[in-house]
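Number of protein chains: 2
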Amino acid sequence: MVSTWTLLEVLSVGLGRRLLGRPLRSSEGAREQISPIEGLSALSLDALTSVAYGPQALLVALGAGGLMALRLAPWISVAIVGLLGLLVASYMQVIVAYPGGGGAYAVARANLGRRLSLLAGAALIVDYTLTVAVSISAGVESVTSAYPSLAPYTVPACVGVLTVITFLNLRGLAEGARAFLVPTLAFIIVILGIIVVGLVHPLDPGLHQPGAAQVSTHALQSVGLLLVLQAFSAGCSALTGVEAIANGVPLFRKPRVTRARQTELMLGILLAAMLLGLAALVQRFRVEPRTGDAVLNQIVGYAIGRGWAFDAISLLVMLVLALAANTSFGGLPVLASLLAEDHRLPHAFAIRGDRLVFGSGIWVLGLLSAVLLVATGGNTNALIPLFAIGVFTGFTLAQAGMVRHWLSGRQSGWRWRAVINAIGATASGISTVIFVVTKFREGAWVVVVAVPLLILLFVRVHTYYRSVAAELRLGTVPAKPRRGRTLVVVPFTDISRLTREALSQALSMGDEVFAVTVVFAEDDARRVAVEQEWQRWDPGVPLVVLRSQYHSVARPLLRYIGSLKPSPTRRVVMLIPILVPRRFWHRALHNHLDLVLSAALRRRRHVVVARLTLPLHDE
Amino acid sequence: MVSTWTLLEVLSVGLGRRLLGRPLRSSEGAREQISPIEGLSALSLDALTSVAYGPQALLVALGAGGLMALRLAPWISVAIVGLLGLLVASYMQVIVAYPGGGGAYAVARANLGRRLSLLAGAALIVDYTLTVAVSISAGVESVTSAYPSLAPYTVPACVGVLTVITFLNLRGLAEGARAFLVPTLAFIIVILGIIVVGLVHPLDPGLHQPGAAQVSTHALQSVGLLLVLQAFSAGCSALTGVEAIANGVPLFRKPRVTRARQTELMLGILLAAMLLGLAALVQRFRVEPRTGDAVLNQIVGYAIGRGWAFDAISLLVMLVLALAANTSFGGLPVLASLLAEDHRLPHAFAIRGDRLVFGSGIWVLGLLSAVLLVATGGNTNALIPLFAIGVFTGFTLAQAGMVRHWLSGRQSGWRWRAVINAIGATASGISTVIFVVTKFREGAWVVVVAVPLLILLFVRVHTYYRSVAAELRLGTVPAKPRRGRTLVVVPFTDISRLTREALSQALSMGDEVFAVTVVFAEDDARRVAVEQEWQRWDPGVPLVVLRSQYHSVARPLLRYIGSLKPSPTRRVVMLIPILVPRRFWHRALHNHLDLVLSAALRRRRHVVVARLTLPLHDE
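Going down the list, the protein sequences come from chains X and L.
For the record, in the first sequence the residue sitting at position 427 is 427 according to my numbering, with numbers rising by one throughout.
For the record, in the second sequence the residue sitting at position 537 is 537 according to my numbering, with numbers rising by one throughout.
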C-alpha cells in the first residue's frame, strides 16, 4: 500500500519544469550497462577520492603525539592497506552471493534478521550523509589550499557545491557513469603520476609550505597505544566506499558477476597503490599536517612545485570530490526507497518523480548534509571523527551476514569463503569498536546518538503504518457505498458573478442549497442591505444571515455547519467560492477562507470542503 | 466590499488560543474613556520619551564640528522648542476642527485631495515603523549604557522586546492607557527631578564617564550653516509624537475637545520644560556624545551619580521607551485599516481578529521594525537620520490641510487660526526639506525611496480592486444560477474503508461517479489485481484504470479531467479522499494529492476540488 502521492510533487511543481527538465517516461529509465572501467567512475569514486582526506586524517591524529609520532605513519598505512585487502576479498564474495545488488541492508535483512538490518540501514544513512559532507568539505579545502584568500568563503562554497549536486540529482543524472569517466581516469593518472615523480625525482623538495604546523610541540616521550589506534581509525576513512560496487552489481554489463569482481579487484589494487605511494611520499618529504593546507596539496607541491599545474590539480581534486559526493546521492535514495517499501520510512521515499529519481531521498540527503556542513563550518577534520563508524558498521554486518549465508547454503568452497568473510567481519568489527572508543569525544557520540534514533524512527513508522492499515481494514472487502442526501452550504460576502457561479455548482450537486453570509452583531444596516439585495436577485436559494458576536467569519460558519448535524444520510458540502488572480502575488489581496475552513473541518466526518475557483483575467 | 477573511486567521489558528487568549465579543471592545492625565500616557508617551534620544541626536550631529560646535547646543534647543510651540498651537486647532480623530491622512484626504493624502499615509507608515525601531533601540541602549557587558546582545535584546510588544498587541492591550499611567508619571517626575537636582546641586559633577568621546578632533575653525541645520534636524526627532493626541480625540471623556486640548497643552509644556532643562544640563556639565553611553545616562550620572538609582532610572527609561514603541502599534494598524477601507491596501488590513485588533497591521509593523532593527544592528544613531522626515511630512500636510479647512469653512476666528496653521505648515515644511537635504546621505534616502514606493503600492492596489470589481460586475444583479449535471471523480490507490466513504459521498452528490486509479505503464500485475479486487467488491461504480507513462499520479488524473470536457452543463467534481491522522506530524507519512491537484486545477473552470477527510484514531 505504498501511497504514490507526495509533498515532493508540490515542491517540484514549485521549482518548475524549466529548472528540473521535462518529465521522463518510465521506459527512458532503462538501466545503463557499464564496463569495469566505467564501474570505477560510477561506483568507486567515493573510495578512490578518499585518498584526498584519509592520509591527512591519519597525520592529524598522529600529530597530537608530536613529530616523533609522525614516523609511525607508514606502518599504520600498511595496516590500513591490509584491512583493505580483507575487505576487497570479502566484497568479491558478496558480489557472487548477491548478484542482485545487496548492500549491507539487504544482506543483513536476508541473513541477520530485522533488528540488525535496521542497524545496517541506520548506519548507512548516517554514512551516506557524512560521505557527502566530507567529500564536499575536502574538495573545497583543496581549492582554499591553493587560493588561501578564499578560505573565509568555505561555508558558502560548500553549500553552493552541495546545492548544484542536489539539483543535478533532482534532474536525474541520465549520463551518470560515462560523464564521470574522464575526471576519474584523470584523477587516478594524476595521483599515480605524482607518486612516481615524487619517488623518482621530486621537482621542488625544499618547498616552503604555507600555513602553520598542526603538530603538538609537547612531544610525548613514548607514543601510546591509544594514539596509534586513534591514527588507525582516522586513516581508515580512506577505506569508505569499497562496498559500493557490491551494491551496484545489476548496473554491469553481462556477465555481471565477473565484471563486478574485476572492478572490485581493480579498485583494491589502485587504492592500495595510492595509499602506499602517498605514505612513502609523506615519509620522504616529512610532511606535517598544517592548518589551511591539505596534506595532498603539500605532497603535490613537493613533487611538482606550486605552479599552474598545482592549481589545475587542486581544481581536479575538488571536481572528483564533488562527483564522489554524488555517489551518495545514488545510494541513499535507493536505500530509503527500500526502507519505505518495508514501511520503515514515509512512503514518499519510495516514489519516483517526473525525472524518475527518488526525489524525497535526494531532498533529505541534501538538507542533512547542509546541516552538517554549516554546523562544522565546512571543516573536514571536524567531520572525519564522525565518519567511517557508519561504513564499518555496515562492513561488519555485511560480512557477518555473509558468514551466515555460507553456513546455511553450503555451496562449493563454503568453508574458506566463510573463513574469509569471518576474518573480514572480525577485522571491521574491531575497527568499528576502535573508532567509537577513540573518537567518541571528538564527535563520534553524534553517530552513537543518531543511529539508535534512526532505528527508533524506523520502528515507530512501521507501527504507525500497521495501525493505519488495521483501521482502514486493508485487505478485506469493505461494505458497499451508500447514497445519502447532500446539503450544500455556500458562504459569500457580496452578490456577484462569483456567487452565481457557486450557486449554480451547488444546485448541480446538492439536494438542498443554502447561501450563508456573516454580519457583525452591531452592523444592522448591512444585514438589511444584504436581505434586500437577495430579494431583488431572487436566485431560488434560501439566504441564511449569521450574526457574529465575534469579529470572525470562520467561527459562525463552523457553528452553523455543526447545527446541520452532518451524518451518513445527511452529508454537508461547504462550497467555498474563490477568486484566482492571474498573478500569484495578487493572492495576498484576496481572502483565504478555504484554508481556514479546511483546517478547522479537517477532523469532522461527513463534511466535505469544496473549492469553486473563478479565474480572473485582470490585466 | 471589504473581504472579511484573511490569512491572518490561519496564522492565528497556528499560534493557538493559549498564546493569544480567548476570542473577545465585539461588545467587549467598548472604547475607553480617558482623562487628560491618562491621555498623556496613552497618546503622548512617544513624544515624552523622545527626550531620551532627541538631545543625543543633536549632540552627535554637532560633535562632527568639534568641541566648539557643542557650545551651540542650547541655542539650537531653543529653536526646536520654538517649533514645538508652533506645532502644539497648530494641533490644538486640529483637535477643534476634527473632533472625530483626524491624523494627517484624514485631514489631507478631506482638504488636500487624494494624492496628498496618499503622501501623508505613506509618510506616516514609514514614521510609525521608525518610531518602533528608534524607541526600542534607544531603550536597549539605555540598559547597555548602564551594563556595558550587555552591549554585544543589542540586536537579540531589541528583537526580544519587539516580539513581546507585538504579541501583547496581538492579544489586544485591553488595559491600555491606565496600565501605562504609573510608568509615564514616574518618567516625567524622574526627568524633571534630575533637571532640578542637576541645576541646583548636582551630586557627582566630576564623574568620569565611560566610553570614548564621539567628538571630531579635527575641530573646524568656523562652524558652518550646514552643521547647524544638521544638528537642528537631528534634534527635531524630539518633536515626533506631538500629533498623536489629535489622532485620538474620540478616546477622551466628554467634553472631548476640551480635554484633548488640555492634554496637548500639558504635553507641550512638559516637553518644552524637559528639553530646555536637559539643554541647560548639557551646557553645565559640558556633556559630549560618547560611544556606548547615552547622553541622558551621562546627565543622570552627573546629577545623582552612578549608583543603584542610576541603574533603576536606566530600566525605567527602557520600560517607557518600550511602551512608547507601543504607541505606534495603536497607530499604524488603524491607519492601515483606513487605507484598506479605501481599497489602498489589501482588505485584510481592515479586519479585526478574534481579539478585536487589526492583526495584519500589527504583524506587518512588527516585521518591518524587526528588519530595521536587524539591518542597523539596533543602533539608534543610525536610525535617527531616517526618522522625523515622515513625521514632519505629516505635520506639514496636516497644517496645510487645516489652512484649507479654515479658508473654506470661515468659522469665527478663521483668520488668525489659518495664520497659526500656515506658520506651522511653513515651519514644518522647511524643517522637512532641511531633514531630507542634510540627512540624505546618512540614510534619509531610504525614506525618499520608500515613500514613493508605498504610494505606488496604494495606487496599484486600488487599480487592482477596481478591475476585480468590474470583472465581478459588483453592484449589478447577476443572472440567476442554473443547475447542470455533475460528474464526480474519485481517485484512490487501495480499496479500503476510505474508498467506500468517498464513493458514498460521491454517489450522494453526483449524477455520475467514476472511481479512478493510476497504474504505472510497466506494472501490468497491479492493473489486473485492482480490476479483480474491484469485481469482487462490486460497489456499483465504474472503475477507470489510467496508465501512466510517467512516474506521476497527478499528471494522468489532470489529463483525465480534461478529457471529461467540463462545462456549465457538465460540471466535474474531483473528490479526494484524505486520511487525517490524530497527530499533525503523522501527516508527513501520508500523501498530499489534494494540494497538488488544487494547485493544478486552480485556473480550470467548472471543476471543483473537494476533500473528503477520514479522521484516524491511531494509537
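These aren't lab readings, by the way, just hints derived from the structure by calculation.
All values derive from a computational prediction rather than experimental measurement.
Mixed in with the good hints, there may be bad ones.
The list makes no distinction among identical chains, and a pair is therefore deemed to hold if it is satisfied within one copy or across any two copies.
List of simulated lysine to any residue pairs, SDA-like, C-alpha gap at most 25 Å [unchecked claim]:
(1) 480 - 529
(2) 480 - 115
(3) 480 - 511
(4) 565 - 159
Going through the hints against the structure:
no.	hint	in the structure
1	480 - 529	between (48 Å within a copy, 19 Å between copies)
2	480 - 115	neither (41 Å within a copy, 66 Å between copies)
3	480 - 511	both (22 Å within a copy, 18 Å between copies)
4	565 - 159	neither (54 Å within a copy, 47 Å between copies)
Hints 2 and 4 from the earlier list are contradicted by this structure; the remaining hints agree with it.
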